[in-house]
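Undergrad: Spelled out, the chains give:
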Amino acid sequence: MTDTDTDTQDARIRQLVNAAVDRELAGHRVAPPWQSSDAPRRSGHPIGRWSLPVLAASVAALLVAVTVLAIGHGRGVQPAPAAHSASPAPSASPSVSRSVNHDQQAAHRDYAAAVAGAVEATEAPGVSVGPVSAKDAVRFKNSGVISGGADIGTPVPGKTYSFTLGYLVGPSDEPPAVVTTEVRDVASGHCAQPFLARPNHAYQIQCQVSWLAGAVGRALLTARTPSGTSGASMNLTDPDRYPTSTAASASRAYQAAVAGAPEATRVAGVSDRPAVADEIQGGLAVGSNNPVALPDQGRSYPITLSFVPPPDRTPAVSVLTVRLTDVTAGRCPGAFRVRPGHAYQVSCQVTFRVGVVGKAAFDLRGPQGVQTTEIGISSP
Amino acid sequence: MDPLTKELAVRLAADRQTPGPVDDSRFDALYRAQWWPMLRLAQGLVDDVGSAEDVVQDAFAGLCRNPAALAEAGAAARYLRASVVNGARSALRRRRTVRAWLGQVREGEHAPAADTSTLASADQQLARQALAALPRRQREVLTLRFLAELSDVEIADATGMSAGNVRSAASRGLATLRTTLGGLS
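Listed in order, the protein sequences are those of chains P and L.
Per the working numbering, the very first residue in the first sequence carries number 1; after that it's consecutive.
Per the working numbering, the very first residue in the second sequence carries number 1; after that it's consecutive.
Please note: incorrect hints may appear among the correct ones.
Stated by the list, open to error - In silico contact screen, one side only, chain L against chain P (beta carbon under 7 Å); selected entries:
no., residue
1, W35
2, A122
3, Q124
4, L131
5, A133
6, L134
7, N165
8, L177
As the list claims (entries may be wrong) - Across the chosen pairs, the derived CB separations fall in these ranges:
no., chain 1, residue 1, chain 2, residue 2, range
9, L, A175, P, H28, 24 to 34 Å
10, P, G130, L, G164, 37 to 47 Å
11, P, G355, L, G50, 29 to 39 Å
12, L, A122, P, A134, 48 to 58 Å
13, L, A175, P, P32, 56 to 66 Å
14, P, K359, L, S162, 48 to 58 Å
What the hints contain is simulated information worked out from the structure, not anything from laboratory work.
Beta carbons: idealized from backbone N, C-alpha and C, even for Gly.
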């Protein structure tokens with residue numbers, strides 16, 4: 001074959017590949033609108049989340065109780081190793097759960113969808129990863145360890161605290177686990193987006209919480225593998241020393257939530273504009289600007305939710321939290337302040353469960369409590 | 001670099017001596033100019049429109065977080081190309097795991113649409129399949145060469161390989177494609 005023949009053949013291959021790709025992308029030539037202002041990004045990738053030095057010194061002193069528990073990594077729950085459970089009188093009692101899905105096909109489907117919605121740990125803000133030590137590799141063969149939890153003592157409502165969860169996976173033939181972390185019963189807070197945890201690696205996950213007066217606060221870590229889900233829930237304060245009192249706490253919770261929530265204009269993924277007359281007269285309104293029909297399994301969709309507070313709200317400032325439910329994975333911006341006379345748009349990223357209507361819940365917290373409104377965001 | 005992108009990059013850098021917030025209107029212009037070339041590149045690498053769109057969106061989101069990448073002409077396009085290549089690698093890695101487990105549930109979950117064969121010519125399909133079957137480095141190099149029309153030096157910049165390795169990978173990949181596709185019309 002001569003050089004000319006080779007060049008001709010190469011050019012033909014190039015032309016075929018280009019034509020094939022253009023054909024595959026038919027109907028996708030127009031760029032989707034990009035959100036301008038301070039939110040030109042997907043909510044799953046917050047900007048500078050971990051760049052803030054949040055009370056690092058004081059928090060280090062508060063994290064006196066480290067609770068370690070072992071979970072099975074595809075092989076059932078393992079007993080906690082004694083050497084790691086010698087924490088100084090941990091007041092926060094962890095609870096471990098493990099669910100084995102007896103419908104193996106459904107478990108595999110759920111696992112595959114979770115993997116599709118996760119990122120590599122190195123791509124998840126707030127997650128650091130390293131190899132396990134030789135000692136831990138021997139100790140935790142075919143098992144994993146979740147560590148963390150904290151006794152933050154008597155936290156100050158509205159003040160932001162950070163703490164770290166650890167997750168170690170020993171040597172195993174299992175595929176990567178999908179790790180999700182979250183905080184509950186707090187004014188606001190977040191951990192990392194779902195990420196893949198591979199055998200023989202140790203992960204550190206940074207979380208931040210703003211305290212809710214009267215609440216204990218919990219951190220949850222869940223590891224999903226094809227054989228089921230393991231998880232741990234840890235109290236962040238001592239429930240006995242800091243009991244929950246729901247009846248008296250609504251007002252304090254509201255004050256703490258307002259203190260801990262930023263203005264909407266300062267939250268990535270949230271836009272704020274003056275509401276028009278029709279919107280104001282219409283009262284409380286929630287909606288999805290782009291509900292997804294027949295979502296693909298495992299695909300992550302950007303959605304935009306709209307929220308107009310009721311006009312007769314007293315006091316003027318409320319705190320809005322948007323949650324996604326009945327979805328495989330999803331992420332919305334954290335809690336923020338809302339005011340009557342304004343209209344808000346919230347950008348979220350969501351991976352739907354095939355055959356299930358995904359929902360968005362709008363929790364509007366005021367002095368009297370929380371008003372929740374839920375809408376569907378997909379049609380199966 | 002195409003003239004429009006070059007002009008935009010120069011404008012972006014013109015009044016930004018030090019990294020700062022990204023100017024919305026200029027970023028939007030860059031987005032409009034680069035979205036399609038990046039989507040083509042991503043599609044060539046991941047072979048799935050949904051994943052390709054995600055990879056491209058992540059690349060632009062990353063650009064927003066790194067205004068320094070806009071500080072000099074051409075840096076934005078280089079940043080985007082490298083981001084797309086890295087994002088595609090991650091997407092394919094995740095997809096391998098997903099498909100391994102979906103495969104145990106239901107074969108053919110991600111099978112091509114029924115009309116694919118009638119819409120695309122047989123030669124195009126063969127070329128895509130042959131390219132997809134190449135080892136990762138060869139596939140990336142040839143995809144960047146075919147779809148983004150980059151030089152070996154630019155491909156080296158986007159993939160993190162040396163220029164010598166790029167030339168070597170391209171040569172081996174093309175040789176394989178010629179053999180595989182020898183009977184093309």
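Undergrad: It remains to establish, for every hint, whether it holds in the given structure.
TA: Tested hints:
1. W35: holds (4 Å)
2. A122: Given a least distance of 10 Å, the restraint on A122 (chain L) is violated.
3. Q124: holds (4 Å)
4. L131: This interface hint holds because 6 Å falls under the 7 Å limit.
5. A133: It is violated, given that the least Cβ distance between A133 (chain L) and chain P is near 13 Å, above 7 Å.
6. L134: Interface hint status for L134 (chain L): violated (12 Å vs cutoff 7 Å).
7. N165: violated (19 Å)
8. L177: Because about 5 Å separates L177 (chain L) from the closest Cβ in chain P, which is inside the 7 Å limit, the hint holds.
9. L:A175 with P:H28: 24 to 34 Å: Roughly 33 Å apart at Cβ, these two residues keep to the hinted range, so it holds.
10. P:G130 with L:G164: 37 to 47 Å: violated (32 Å)
11. P:G355 with L:G50: 29 to 39 Å: violated (18 Å)
12. L:A122 with P:A134: 48 to 58 Å: For A122 (chain L) and A134 (chain P) the Cβ distance comes to about 54 Å; the hint holds.
13. L:A175 with P:P32: 56 to 66 Å: Between A175 (chain L) and P32 (chain P), where Cβ atoms are some 39 Å apart, the hint is violated.
14. P:K359 with L:S162: 48 to 58 Å: For K359 (chain P) and S162 (chain L) the Cβ distance comes to about 51 Å; the hint holds.
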